[in-house]
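Let the sequences and hints guide you as you build the complete structure.
Residue numbers (the numbering used here), protein chains in the order written: chain A, 1 to 132; chain B, 133 to 294.
Calculated from the structure, these hints are not laboratory results. Bear in mind the structure is a predicted one, so any value in this text is a computation, not a measurement. Check each hint, because a few of them may be wrong.
[Stated by the list, open to error] Distance ranges between label pairs, derived from CB positions:
no., chain 1, residue 1, chain 2, residue 2, range
1, B, Lys258, A, Asn2, 25 to 31 angstroms
2, B, His290, A, Val75, 22 to 28 angstroms
3, A, Asn2, B, Gly291, 36 to 42 angstroms
4, A, Arg101, B, Glu193, 40 to 46 angstroms
5, A, Arg102, B, His290, 25 to 31 angstroms
6, B, Gly183, A, Gln88, 35 to 41 angstroms
7, B, Gly181, A, Ser4, 43 to 49 angstroms
8, B, Pro275, A, Glu87, 34 to 40 angstroms
9, B, Gly291, A, Met1, 42 to 48 angstroms
10, B, Val245, A, Gln11, 20 to 26 angstroms
11, B, Asn176, A, Gly14, 21 to 27 angstroms
Note that beta-carbon positions come from the ideal geometry of N, C-alpha and C, so glycine has one too.
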Amino acid sequence: MNTSALPPYAQALGIAIDHDEDGNPVLFVDFSERMMGRPGFLHGGAMSGLMEMAAVAALRAELDRRGEAMQIKPVNIQVEFMRGGTEQRTFAMGKVTRAGRRVALVNAECWQDDPAKPIALAQMKFLLSPAV
Amino acid sequence: MEQSEQPGEEAQSVYAQGEGFVFDPARAAKGMGRHGHGGWLGLNYHAHGEGWFELELPWREELAGLADGGVLASGPIISLMDNATSMSVWTRTGRFVPHATLDLRVDYMRAAVPGRTVIGRGECYKLTRTIAFIRGIAYDEDPSDPVAHVIGTFMATHGTYL
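Listed below in C-alpha cells is the structure:
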C-alpha cells in the first residue's frame, strides 16, 4: 500500500505511509499548525484521525491479502489518551484483532519518539459487506 | 497524564488567561476556527447554555474518510466533539479549569450526509473534583436524528473542577 491509496482526509492532513510492519502500514504525520491543539501540543482529534487512518489501512491490507473486495463502514471508535503529544513527527499503526465475514475489530496505537511509549490507543469496529 | 491534548483556538485564549478566570463562552468562541487544528477544520461557535455547548463543522470534500462518497472521517467528528464537550465543562464550572481528555467513544448512528454542516453538541452531566463526565451528539440537520453519540471523560490537570 502506498500513500496515494490513503483517503482524502489523510492526504489533506499530510499523513503518509512510512513503512510496513508485518503487513501493517505504519503511518506518520509531521507536526504543523494544523495538528495543534493547545499551543505546543497535538490536538487529540488529530491523533485520533491518524489512528483511524492507520486502522483503516491495516484492515484494507488484511482484506487485500485475503483477496476480498469489501466495503467497510465504521460502527464505533474508542480512544484513550495517555500522554500529551508534542511538536514532532507522530506515528500510528493499526492491527486487525479480528476480521470475520461481517465485523472487523481493529486496534491502533499512536506514538512519537518511542513506539514503546504510546501516547494514545484506539479501538475501531467496522461492518463489512461485499463491495458492489 | 503529562499534558493536556486539549483543544484548539478557544483554548489558546483561555490558556492565556490562566487557571480559574471566569469563563466567557462568547469570548472563548470568538477566536475559534482561526488557529491550530480547529482552525484547519473550520470549527465555529454555534450556541451554548449552562452545561452545554455547540460547535459547527462545515463539510468539505477533503475531510472524507473513505476514497469515495464524501462521508466525513472520524477524525474531524472526534475533534468537533472533543472541543464541544471540553467547552461544555467550562460552561458548567463557570471558570476555566485546565484539563485533558482521558477518553472518548463515538458511536455512529448513520453517515453524515455529504455537503451538510455537522453540529456537535457537548454536555457535561457530572463533575467530581478531578473528573468531568461528558456526553454529546453530532447531527447534521435534526438533533433527534443524530449522526453520532459520544461519551467520555476529562481530568483536571491543575486544580479541581469543584
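Consistency of the hints with the structure:
1. At roughly 46 angstroms, the beta carbons of Lys258 (chain B) and Asn2 (chain A) sit outside the given window of 25 to 31 angstroms.
2. His290 (chain B) and Val75 (chain A) have their C-beta atoms about 36 angstroms apart, which leaves the hinted 22 to 28 angstroms range violated.
3. Evaluation of the 36 to 42 angstroms hint for Asn2 (chain A) and Gly291 (chain B) yields a failure: the beta carbon distance comes to about 47 angstroms.
4. At roughly 32 angstroms, the beta-carbon separation of Arg101 (chain A) and Glu193 (chain B) lies outside the given 40 to 46 angstroms, and the hint is violated.
5. For Arg102 (chain A) paired with His290 (chain B), a C-beta distance near 46 angstroms fails the hint of 25 to 31 angstroms.
6. The supplied range of 35 to 41 angstroms is met by Gly183 (chain B) and Gln88 (chain A), whose beta-carbon atoms lie about 36 angstroms from each other.
7. Remark: the range hint 43 to 49 angstroms for Gly181 (chain B) to Ser4 (chain A) is upheld by a beta-carbon distance near 45 angstroms.
8. About 37 angstroms separates the C-beta atoms of Pro275 (chain B) and Glu87 (chain A), a value consistent with the hinted range of 34 to 40 angstroms.
9. In this structure the supplied range 42 to 48 angstroms holds for Gly291 (chain B) paired with Met1 (chain A), their Cβ-Cβ distance being about 46 angstroms.
10. A hinted range of 20 to 26 angstroms for the beta carbons of Val245 (chain B) and Gln11 (chain A) is consistent with their spacing of about 22 angstroms.
11. Taken as a hint, the range 21 to 27 angstroms holds for the pair Asn176 (chain B) and Gly14 (chain A), whose Cβ atoms sit roughly 23 angstroms apart.
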